[in-house]
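The lines below spell out each chain.
Number of protein chains: 2
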Amino acid sequence: QLWSFRRLYQVQTRQLRLLSATEDEHGGLFVDMQDPMDSHLFASSLRASLSHWTRLGKRGIWIKLPIRHYNLIEAAVKEGFWYHHAEPKYVMLAKWLPQDEPCALPANASHRVTVGAFVINDKKEVLVVQEKNGMLKGKGVWKFPTGTANQGEDICAAAVREVKEETGIETKFEQVLTFREHHKAFFQKSDLFFVCFLKPLSYNIKVQESEIEAAQWMPFQEYTAQSFVQRYELLRNMVKICKAKMDGRYSGFPAVPIKPSFKEGRDIIYFNNNQASNSNDGSTQ
Amino acid sequence: QLWSFRRLYQVQTRQLRLLSATEDEHGGLFVDMQDPMDSHLFASSLRASLSHWTRLGKRGIWIKLPIRHYNLIEAAVKEGFWYHHAEPKYVMLAKWLPQDEPCALPANASHRVTVGAFVINDKKEVLVVQEKNGMLKGKGVWKFPTGTANQGEDICAAAVREVKEETGIETKFEQVLTFREHHKAFFQKSDLFFVCFLKPLSYNIKVQESEIEAAQWMPFQEYTAQSFVQRYELLRNMVKICKAKMDGRYSGFPAVPIKPSFKEGRDIIYFNNNQASNSNDGSTQ
Chain A
15 QLWSFRRLYQ VQTRQLRLLS ATEDEHGGLF VDMQDPMDSH LFASSLRASL
65 SHWTRLGKRG IWIKLPIRHY NLIEAAVKEG FWYHHAEPKY VMLAKWLPQD
115 EPCALPANAS HRVTVGAFVI NDKKEVLVVQ EKNGMLKGKG VWKFPTGTAN
165 QGEDICAAAV REVKEETGIE TKFEQVLTFR EHHKAFFQKS DLFFVCFLKP
215 LSYNIKVQES EIEAAQWMPF QEYTAQSFVQ RYELLRNMVK ICKAKMDGRY
265 SGFPAVPIKP SFKEGRDIIY FNNNQASNSN DGSTQ
Chain B
15 QLWSFRRLYQ VQTRQLRLLS ATEDEHGGLF VDMQDPMDSH LFASSLRASL
65 SHWTRLGKRG IWIKLPIRHY NLIEAAVKEG FWYHHAEPKY VMLAKWLPQD
115 EPCALPANAS HRVTVGAFVI NDKKEVLVVQ EKNGMLKGKG VWKFPTGTAN
165 QGEDICAAAV REVKEETGIE TKFEQVLTFR EHHKAFFQKS DLFFVCFLKP
215 LSYNIKVQES EIEAAQWMPF QEYTAQSFVQ RYELLRNMVK ICKAKMDGRY
265 SGFPAVPIKP SFKEGRDIIY FNNNQASNSN DGSTQ
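If you're matching them up, the sequences are chains A and B in order. Under the numbering used here, the first sequence has 19 at position 5, and the numbering climbs by one with no breaks. Under the numbering used here, the second sequence has 271 at position 257, and the numbering climbs by one with no breaks.
Be aware that a few hints might be false.
Chain copies aren't distinguished; within one or between two, either way the pair holds.
Straight-line Cα separation of at most 30 Å, DSS-like style, residue types lysine-lysine; simulated pairs [unchecked claim]: (1) Lys198 with Lys273; (2) Lys146 with Lys78; (3) Lys137 with Lys157; (4) Lys78 with Lys198.
Don't read these hints as lab results, they were simulated from the structure.
Based on the sequences and whatever the hints tell you, model everything.
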């Protein structure tokens, strides 16, 4: 009798144990399941926690599950949680508690950022590459160096890095000349492609063996004359913009570092600083 | 004996049944687990499939699991799959098969896109709102209408929609004036904030009750004079840019629809079309 009493008591205590959670700025709670847990214990703790949090008037509930804790997903899904996002080593589940308010949880990331680099030397030769992989493989097409910005990487830094990686050329970022938005680029996500104008700081090409078949400085006219370039509206527009830039009659957006509004660190804004500062009346100088 | 023989036979057949997969353009395979499956059967089928696919020289393997099939995650993780991304109703797992090549699977989405709208009428009054939620709640700060672009929504369309939703004002998108990049905006993801210049097509304000406390047409000087606006470098730059725009000495990037390079449909490029087309020598006209 004693044993069975103690056992019951243990079970009840366990069922009533609430999950540890930290508050977020929006009236919600964040549960970080770093430690392993028995799935039945998690299920009962989660149920008790949700009742408690609902009584407290909590809003969005987040549960971060490291990939090794796949045994806890079932309980969360059965309590109405859905996947908010996932990264290689974890999945983030979410649930919105208020019955009378539409879900105000932030949307998942929707875009990636890619960059293309227009680099031209004093002889009006443009830096171009031929790629080893992808759709242009083996077609002899010469194109600007391109690539994807890493998570947390500035557009201007990504352009400089990609040029250096693919061709060995050192550059200085000058301006964003144009950008293109393209939806359903991968899965349901969108792609923002920023064409950057960069000044070369070195001239000796060193080809990246793994991705690049060949690289060279090519007369701009020769680049332009490729049928591949003429065929696509994006590339025809890029030629028009780059030509105007070479001729000194096009202003893109330089990068201006600023102090961010509500945080430490540094943001970057891209805009035509010369035009904005060149006031008629001096009031904004 | 017959029964046990048949049973063994069945098990072996099951173990050897390969998962259905479709090929992608990059030498990989995509498995879409729409139907439920016993987790042990899935584990053995996955193991057999991976051996087969490795022999075939396949590269990236994708498994899409609807949220209700949480019972299959364990087997995939045990076979070395990791989370690539998740959306509310599914998680996408991935594995890279080639031992001698670095993983070339595309990175997960890294950004969201937000928009701010600079709308000014003929009396040089700017359209401003006070928000009911968030950091500015109850602080009496008047700000431009802002919001997040929906997945698949163009920047120019998002700006027009947000202004309409928050204030009832109809507008026409004219230009992107500036954009700001900000990292670690939510979880580890980045935020690209595009300030758009819009022409009003209507003038009678109708406030969105759920999100907006108040909205008005406010003299631009009065907006600018707010200490909140003066305090932050982003907003001081926005004032400078908007003033230059009002004075006719700033050119942003209009939106130009184009045919996408490798797909059906329509993309948008943003660039200074007037400058790019205003050739000195006529060669690009």
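Status of each hint after checking the structure:
1. Lys198 with Lys273: between (33 Å within a copy, 14 Å between copies)
2. Lys146 with Lys78: Between copies only: 29 Å across chains, 39 Å inside a chain, cut-off 30 Å.
3. Lys137 with Lys157: within (18 Å within a copy, 48 Å between copies)
4. Lys78 with Lys198: both (27 Å within a copy, 17 Å between copies)
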